[in-house]
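S.K.: Chain residues, written in single-letter form:
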Amino acid sequence: MLIINFFQWWFIKGWFDFGKKLINRLGYLIQLFSISSLFRTLFAPWKRITTVAGKSIGEKIRAALDNLISRIVGFFTRVIVLIAAFITLILTAILGLALFIIWPFTPFLVVFLIFKAFI
Amino acid sequence: MNQQFSFSNSLRVKRAKLAGLLGKIIPLKISFIVILLIVGLLLLIKQQKIAYLPLALSLADFMLLLWYLWDLKNINEQSKLEGTHLDQLLSSDIVNKISLPISPKDLLGKISGNWQANFIFTRFILDPNNLAQMLSLNPADSEIIFATAQQLARKFEKKVIDAGTILTALIITNKQIEKYLISMQLDFDDIVNGYEWQQRLINRFFAKKNKEVFGGIGRDWASGFTPILDQFGANISAQIQKGNQDFSSVTREDVIEQMEVNLSRPDRNSIALIGDPGVGKTSLVFGLADQLIRGREEAGNLAYQQVFSLNVGTILSAVQNGLAGLEDLIYRIFADLSHAGNMIIFLDEAQLFFSTGTGSVDISQVLLPLLEQNRFRMIVAVTPEDWQKISAARPTFSQMFNRIDINEPNEDEVVKILEDVAISFETRSKTTITYKALKETYRLSNRYITDKAFPAKAIDLLEDSLNYPLNGFITETSIQKAIELSKRVKVSEASSAEKQQLLNLEETLHRRMINQERAVSVVSNALRRTRAGVKNPNRPAGSFLFLGPTGVGKTELAKALANVYFGGADKIIRLDMSEYQRPSDVTRIIAAASKDQTGSSLLSQVKENPFSVILLDEVEKAHPDILNLMLQMLDEGKLSDNLGKEVSFKEAIIIATSNAGADDIRKRIEAGQKIEDFETDFTNRLIDAHIFRPELLNRFDEIVLFRPLAQQELIQVGNLLLAEVNQIIAPQKVTVSLTPEAMNKMIAKSYDPRLGARPIRRAIQRSVEDAVAKKLLSGEIKPGEKLTLDVGDIT
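These protein sequences, in sequence, are chains A and B.
Those letters in the first sequence? Residues 7 to 125, per our numbering, in order.
Those letters in the second sequence? Residues 88 to 882, per our numbering, in order.
If you're looking for bench data, these hints aren't it; they were derived computationally from the structure.
Computed from a predicted model, the values in this text were never measured in an experiment.
Note that the Cβ used here is the ideal one computed from N, Cα and C, for glycine as well.
Mixed in with the good hints, there may be bad ones.
[Stated by the list, open to error] Chain B stretches covered by chain A per the calculated footprint, using a threshold of three residues with CB under 8 Å from any CB of chain A:
| id | region |
| --- | --- |
| 1 | 129–139 |
| 2 | 146–153 |
| 3 | 310–319 |
| 4 | 414–428 |
[Unchecked claim] Chain B is faced by these chain A residues, among others (derived, beta-carbon under 8 Å):
| id | residue |
| --- | --- |
| 5 | L44 |
| 6 | K61 |
| 7 | S76 |
| 8 | V85 |
| 9 | L115 |
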């Protein structure tokens, strides 16, 4: 009775739960890497470091240049993190998907391995 | 309740048994999987065919482990609490212990030892063996227990019936146990409250929580650095994120929501939390920071904003050490804050930031333009009195804030807060706090602690009581001991010695009082009523009007009462009401004490020393407006000061004295009348003569008439006063006495029927004290000697 219950769980609820956990994991990674926030502020100055423009043209150009550098630093930092995030997400998704596909075959794999050990 | 419960050895029971077994061997199982995997891989490297067997077993075991972790372990969460099949309703830890039929007594035996049952036993100091003796052996009686348990579980939104639920149901369905509880001053409601406490703990500590990321790694990249701000305070949100803050889960969601709404406004987005000290203003800010840093939906555009608490002490220290000028430093701090863009600044005890004086700075002028431009959001926490001062001195500045009044939590909320903090107190003190101790904490702090608001005063009292455990338990006795020592009051049941003293109170008072039998008797009765807890708790401990001539012992009785009941002659607040004859003198009665100096008004004195005798001399001379105040004081046991804050008189004994009609009393006594025979007529005459209003007289517990002292009684007074002199000179090892003739002469010389015993004191001073002083100085009397004064020595 318990054995049947185990297999019922493995092929139906367990499989479904695995899929749900995989999706939750991907959601967690999206939050961990602050993906929406990074996209929203992709071109924002790094840590709000900006220079207030002075009156002269030279000062204005220098301020614009400073602000541009701050934005570039911010952009690259965010892009690097975004790339890392996507790699992590893709790897997790691929691995998770592979395991998700293998999941229903696992009991058969056990039987196969036992069979292979003796024959 | 007619439902019939059944039980079968269903799949759920078997799953619960397996879950219980697997739960015990999880570490073993993981080790087994790892070992099999390693062995399999090693054999595989060596190209052994048998390698596939350990690999297969490892994989199978891993599948079993997943089954346990993802499914079997969560049997309780999968239940629905429907139907009457107990095997589907009971929690997994007891479902394999119970089967039907089962008697209530056996049921108790099955759940004893379970932590949830033990929680109820220990919090109420219940002995399982005692309970067992009161339970039936008839299985049919268990039906009502299961039905009640199911109702309880539904009420508290549980998914299963656990051991705590069954024990609670066992208790609240048994009439015999009810009597047992009453003998312990408990009832069924208390047990259900204890059960609710347990449920809140389960939800708080055992509920599954998702891993939180607090906005992730890039959360603050679009916000500025705050290097200067960081030096002058603490980031509350960062502390919460690290899990360093443990505050009660009983938060006032409605107030936090109000704070969020006001902070989200496009203009005037700063708030002032106004509430008495200890009402929980700082906790609310922590609650807000907690909501915001978790990025909850309710937070809206405030999500992931951080709350930073600024410390005035570090600012002043930096200025004093010459590290910066005050104004410059304040500008730099707030420039940092403004630049950050993700910070809400919190000024706790905000009066320190908006006043000048020791330990405070005034930054309102610097802040005003910044607040007008909505450069940042600010929360200030301040008491109503301080806010009134800030608003009066800086009206434009105070208008920049949205005012949120924080009220005290009610009893139910306070007890819940205490339940939350009790757990951390227990861990710290290695004690167990009982439920009754929490209720007693609320009751006693409500009654005796007046300088702080709830919940702080209750939390402080509970913390104090940790020093007085009883066999590892903090009980109501621990709480009583803590309040008795801190407030110098008697709240616990009188000890046998004290009971004896109360029963013989007249004798104790007569050591200082000559005659005045009736006065001593009514006062003693009133004290016994108070101490036995049979008086109205919403009125003063006692209120008396003492009427009689001068020098008959009215004030002396008040002093004796202060000494006997409140434990010190200094526990007396004395007001000469003849100095309160103008309407404007009302202010002198009700003026609130300022923070900087102790007030001298009656209310501020009573606030400082609520456990006192309040002696109002010559009360009839006070202005009618002041007598009106007395009506409320006597009737409701409280008065409000000029700031609207209530001051309690419930612990005080109020004694008003008056000489009105003194001649009338003397004449009647001289005519041979007894006080008992004319006191009603005498009181009516005072009302008819408009000396006292009937509504005032009716509010006193007793109107006590003091009779004039006869010459013979004055000799006893003289002896009492002589004893006092001997007490004073005792350190010089000399004693003084008067011959009977000398005493008679002194009394005869000073006797004035209108002035009673008052001239005796002067006579003692003149004849005895002066003589002793002269002889001590001249060396005529030496330590160890006794001076006896005779008729010739009396001047």
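S.K.: All hints are to be evaluated individually against the structure, with a verdict given for each.
M.R.: Outcome of the hint check:
Counting residues of the region 129–139 of chain B whose C-beta lies closer than 8 Å to any C-beta of chain A gives 4; at least three are required, and the coverage claim holds. Given as covered by chain A, the region 146–153 of chain B passes the check, having 5 residues with a CB less than 8 Å from a CB of that chain where 3 are the minimum. Only residues whose C-beta sits within less than 8 Å of a C-beta in chain A count toward coverage, and the region 310–319 of chain B has 3 of them, enough to reach three; the restraint holds. Taking a C-beta to C-beta cut-off of 8 Å, the region 414–428 of chain B contributes 3 residues in contact with chain A, enough for the three needed, and the coverage statement holds.
A distance limit of 8 Å between C-beta atoms decides the matter here; for L44/A the minimum to chain B is near 5 Å, and the interface restraint holds. At its closest, the beta carbon of K61/A sits 21 Å from a beta carbon of chain B; the interface hint therefore is violated under the 8 Å criterion. This hint is violated: S76/A has a C-beta 11 Å from the nearest C-beta of chain B, more than the 8 Å allowed. With its C-beta approaching chain B no nearer than about 11 Å, V85/A sits outside the 8 Å limit, and its interface hint is violated.
Hint status for L115/A: holds, given a least beta-carbon distance of 7 Å to chain B, under 8 Å.
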